[in-house]
Amino acid sequence: MVSLRHPSELPVVGVVADGRTYRHLLYLLLAVPLGFVYSTVFTFGVAFGLALSVALVGLVVLFATLIGARLAAGLERRLANALLGTHLLRPDDLADADGALAGVRKYVDAPSTWTGLGFLSLKFWVSLLAFVPLVLLASALPLVAAPVRYPYEADFGEVNGEPVTWAIDTLPEALVALPLGVAGVLVALHLANLAAYVSRRMALALLGRPESSRSMPAVSVSGEEDESDGHTNGEEGESDAAGDFDFVDDPAPADRDGDAR
-14 MVSLRHPSEL
-4 PVVGVVADGR
6 TYRHLLYLLL
16 AVPLGFVYST
26 VFTFGVAFGL
36 ALSVALVGLV
46 VLFATLIGAR
56 LAAGLERRLA
66 NALLGTHLLR
76 PDDLADADGA
86 LAGVRKYVDA
96 PSTWTGLGFL
106 SLKFWVSLLA
116 FVPLVLLASA
126 LPLVAAPVRY
136 PYEADFGEVN
146 GEPVTWAIDT
156 LPEALVALPL
166 GVAGVLVALH
176 LANLAAYVSR
186 RMALALLGRP
196 ESSRSMPAVS
206 VSGEEDESDG
216 HTNGEEGESD
226 AAGDFDFVDD
236 PAPADRDGDA
246 R
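Final position of the sequence shown in my numbering is 246; the numbers increase by one with none missing.
Treat the hints as calculated values from the structure; they're not laboratory data.
Just so it is clear, the structure is predicted and the values come from calculations on it, not from any experiment.
Pair ranges (Cβ atoms, derived): (1) Gly103 <-> Gly146: 32 to 40 angstroms; (2) Thr150 <-> Pro96: 51 to 59 angstroms; (3) Arg134 <-> Leu113: 28 to 36 angstroms; (4) Val93 <-> Pro164: 50 to 58 angstroms; (5) Val144 <-> Ile52: 40 to 48 angstroms; (6) Pro(-8) <-> Ala87: 52 to 60 angstroms.
Just so you know, even glycine gets a beta-carbon here, dropped at the ideal spot from N, CA and C.
Construct all of the structure, not just a fragment, from the sequences and the given hints.
Below you can see the structure in the form of structure tokens.
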């Protein structure tokens, strides 16, 4: 028998039929405003807190910034689980503490606080990277529809303050615009997968539990292995670097609780 390949497995053009591509696009759409919000809020919090660190209010601002970073990292963990195919678990590195001062110290001492803050710092650059495929896609899609909507004027932005446009007034011009638009859409989708791949690796490195928390298969007395579900950040995505940066979703999602403890 001849097995038919799923359209998403086709080289180059399969990205159009892959549902993960559109989840990646949604992730990048959300990354643009979130990246700028993180950069503004946490840069201001750290700068303002350090400037007033000689007073008690500065220390309060710095601690509030760290707590905000943990909450934002929890949100990012949920987004990565929902849209990037990860199954990251909530960090469990907060030690038990008695008293207000010890309670503050446990958040400062937790490695997940600083790795989460590092992820949020890098998210700004991801938001800049996300602009490229999103802008390219917005420019290419109208060209794809050129044969059914001409005459119209395609706008490609500005160069040196002058608008770059293409007036498509005839059917031959529209037929020329069609393959250019299709090529632009394919390039944009592949770039979106690339940007999402970078974000996924960042999330696995900075937002998940350590690999040592992975559960190992237990061996029974009879010598047979008992299978256990042990999805962690260390087991996922090792084959993601191949192909068009497509991600393999695990069959069963793990705990997606991303709230800061």
